[in-house]
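Heads up: the protein sequence lines correspond to chains A and B, in order.
Residue numbers for the first sequence follow my numbering, beginning at 1 and rising by one.
Residue numbers for the second sequence follow my numbering, beginning at 1001 and rising by one.
Rather than coming from a laboratory, the hints here were simulated on the basis of the structure.
Note that the Cβ used here is the ideal one computed from N, Cα and C, for glycine as well.
The reader is advised that the hints may include incorrect statements.
Stated by the list, open to error - Pairs of lysine-lysine residues, derived as DSSO-like cross-links and limited to a Cα-Cα distance of at most 30 Å, are as follows:
#1 Lys-1010/B x Lys-3/A
#2 Lys-335/A x Lys-1010/B
#3 Lys-1297/B x Lys-3/A
#4 Lys-1297/B x Lys-335/A
#5 Lys-3/A x Lys-1014/B
#6 Lys-335/A x Lys-1214/B
As the list claims (entries may be wrong) - Short, incomplete list of chain B residues facing chain A, as computed with Cβ under 7 Å:
#7 Leu-1011
#8 Ala-1024
#9 Glu-1112
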Amino acid sequence: MNKVVVRVWALLLAILGLGIAAYKIYYMGLPITPQQSAEVWTVQARLVFQGQGGPAKVGFHVPDVTPGFIKLDEDFISSRFGLVIDKSQDNRRADWSVRRAKGEQALYYRVIVSRSEQEQGWNSVPRYPTPPQYEEPYASAIHAILDDVRKESADVGSYTRELLQQLNAKQPNENVKLIRDRAGKGDSWVEQIIEILKGVRIPSRVLWGLRVSDASNSAVLEPLLQVHNGQKWLTYDPESGAMGIPSNFLAWKIGNQPLFELEGGKKAKLEFSITKTYEELIDIARQGAVQMDSVFADFSLLTLPVQNQNVYRLLLMVPLGALLVVFLRTFVGLKTFGTFMPILIALAFRETQLYWGLFLFTVIVSLGLMIRFYLERMMLLLIPRLASILVIVVILMVLISLISTKFGAERVLSLTLFPMVILAMTIERMSIVWEENGAKEAMLQGLGSMFVACLGYIVMTNEQLMYAMFVFPELLLVVLSLCLLMGRYTGYRLSELRRFRAIVAEDK
Amino acid sequence: MPRWFVSPSKLRQKGIMGMNKRNADFIMRYNPRRLYPLVDNKLLTKRLALKNQIAVPELYGVVEIQHQLRDLEKMLAPYSQFVIKPVHGSGGNGIMVVTGRMGNGFRKAGGEPITLESLEHHVSNILSGMYSLGGIPDKAIIEYCVQFDPFFEHIIFRGVPDIRVIVFRGVPVSAMIRLPTRESDGKANLHQGAMGIGVDIASGVSCSGVHHDKTLTHHPDTGHSVESIEIPHWRQILNIAVHCADTVGLGYLGVDIVMDRNLGPLMLELNARPGLNVQLANQAGLLKKLEKVENIKQLPKSIEERLALAEGL
């Protein structure tokens, strides 16, 4: 095939791979480096009541849409209670029920959240309210204020802002004073504003949520005002008039119905507790992947069970090792035993760490080689001889383990996974090269293999690379693209610059 | 002071072909994979050559399974000199040359004795695939041991020298003599320490040689000059090489030919991946010649005309 076609393929694959990775980084917010951490809050609601011996039913509002936060995990802990989650109109309710409840009952709801840039909002569209009939003297005060505000505003957003400003002014006029006196403060203050907004047919409602800035055991729900401008819900602080949801405000429930309802119990008590921890971004991404509504999230390796993840973590590094081998062979011209055997050795080094691995590899191969030369004199058939070497390798490994444990080196215990078949094959191949092409060649190839294995180990244990390959497995396409490009390299190898130097030297 | 590396531009200027270039632009392009067995399987090569009247060393016998080892002694009985080879061997690995009998056993080319038992073990190793690519089970062939031409006698140390001719699209482009040395243990492979001597393709006269990475004008063991040797039967050698290339159909081929004192030039084996060392031996790159041949649209049919063409390259 034409070289150009290969290059076009390589380019396409690279663009595709990098493109998907870029999408994940910029749009899904996956971190590029593994060591980034972020604040994570665990919010727990504990509901205690006294059962009266009969059936009991508890309805409890739990967070649904949480702008500015992503729910990483959610637990409902309620030993004997049956649980039904009921979702209706921007609210979500946990309905617990039990046949017989006697004595103290405790129900827990726990949600783990982290900050998120994701766009989230409420989809519900409200009906326009009918203007209420206010009583005098409030009616004239309200109408006066509404007229005042209307002059200063253009749309629902600015109207609400202006209204809040007037109602919360430092030096209120008589009308505002009248309304303030009627309401007092707190939740009824929001109610008051909603009532007033009905006067101009602006749909509004109250949003309850928790401030999660710090650890706390006595957090209470706070109200915010929401108005609908025809497209979406806008949120305002009813007291300061500030627009938008504060960054530490975790939306919990909407509307004025009670936070929980209890049947068949008494002395109900609800407590919120908040704890703040730090978690690695990748863990957040892993937990969040399930929640994200994206094809790439659905197919993320992060959604696999953890044991499988670890297998893939390793598996995804093998192509990088192969890429290294391709590079070292086509550009450098290193000689090794077998094409990808050094990569298998490098994988083995992962178990033992590099220095131990090198030491064990050298010791076992040298000892094995000596014994192999003796076996040669016995004139065994190839397969039985290979099997004998395998047995000897295992014996050597057991001996080394026993000896080093005596000296207190625990590292060697992981040696059990050192691939003995690879060692046996290395010994066999090395001895053949030794006999056929001399000790020098055998040593050269042995050292070449070790060198590639070391480099492979360094590449394949690189935290950053491991993370990148695991979170962005589409980078495999880039690896493939590089392999294609290198596959069409027809230039000299580094070793050839040395091999042919005699020809050039002749010129002088 | 000798330099460690030379610049790639100098090599390019000299027309040196690197391994990547050879593999991608010549082997992959001109050597169809399906023809490889004809070259890699020495038994097939031999049969094909015989069918096409190409002179080859006589085949004494084939050992195909371990069981046949019992009959090895009987098979060898008529001969005191022979060569044992793996059918799928590469790079000269697994080849054993026996040059005589000693008591109950044999004498290897180097002079060391070898027992029948060791010989059988060697054949058994061949059968189990020790020398074949990928370790697949192999066969062993036993063939005539070439009696080298007295012409080489004074230069070489021991073993059988051979002549390698590189044929590209049926045109011989380069050649070298491969002389065994003490280091190569009688084998003619350069990477095992044999010496390579460049040969002018037009005249068949040798120029200076190379041993490992160094250029030499004398044989490292015997001290004889290796320059300006006129190879006898040169025309016939080229003829065999080109004939072989036409027969197997590989566009880029290395043909190994030995000179037997009684039988003249014999084709020993073919190689589908040649061409790097011959550049060292000749102290010249192959690329320019290869490109010239590549640019000729229609090559002449007759061997004679192609040989004439080769002289003009």
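For each hint, the structure was consulted:
For the hint linking Lys-1010/B to Lys-3/A, the alpha-carbon distance of about 25 Å falls within 30 Å, and the restraint holds. Of the pairs offered as hints, the one joining Lys-335/A and Lys-1010/B holds, with about 24 Å between alpha carbons and a cut-off of 30 Å not exceeded. Restraint check for Lys-1297/B and Lys-3/A: the C-alpha separation of about 22 Å stays at or below 30 Å, so the hint holds. Straight-line distance between C-alpha atoms of Lys-1297/B and Lys-335/A comes to about 38 Å, which puts the hinted pair past the 30 Å bound.
Of the pairs offered as hints, the one joining Lys-3/A and Lys-1014/B holds, with about 24 Å between alpha carbons and a cut-off of 30 Å not exceeded. For the proposed pair Lys-335/A and Lys-1214/B, the alpha carbon gap of about 20 Å is at most 30 Å, so the pair holds. Interface restraint check: Leu-1011/B against chain A, minimum CB-CB distance 6 Å, threshold 7 Å, status holds. Proximity of Ala-1024/B to chain A holds as hinted, the smallest CB-CB distance being about 5 Å (cut-off 7 Å).
Taking 7 Å as the C-beta contact cut-off toward chain A, the hint placing Glu-1112/B at the interface is violated, the least distance being around 14 Å.
Checked against the numbered hints given earlier, this structure breaks hints 4, 9; the rest are met.
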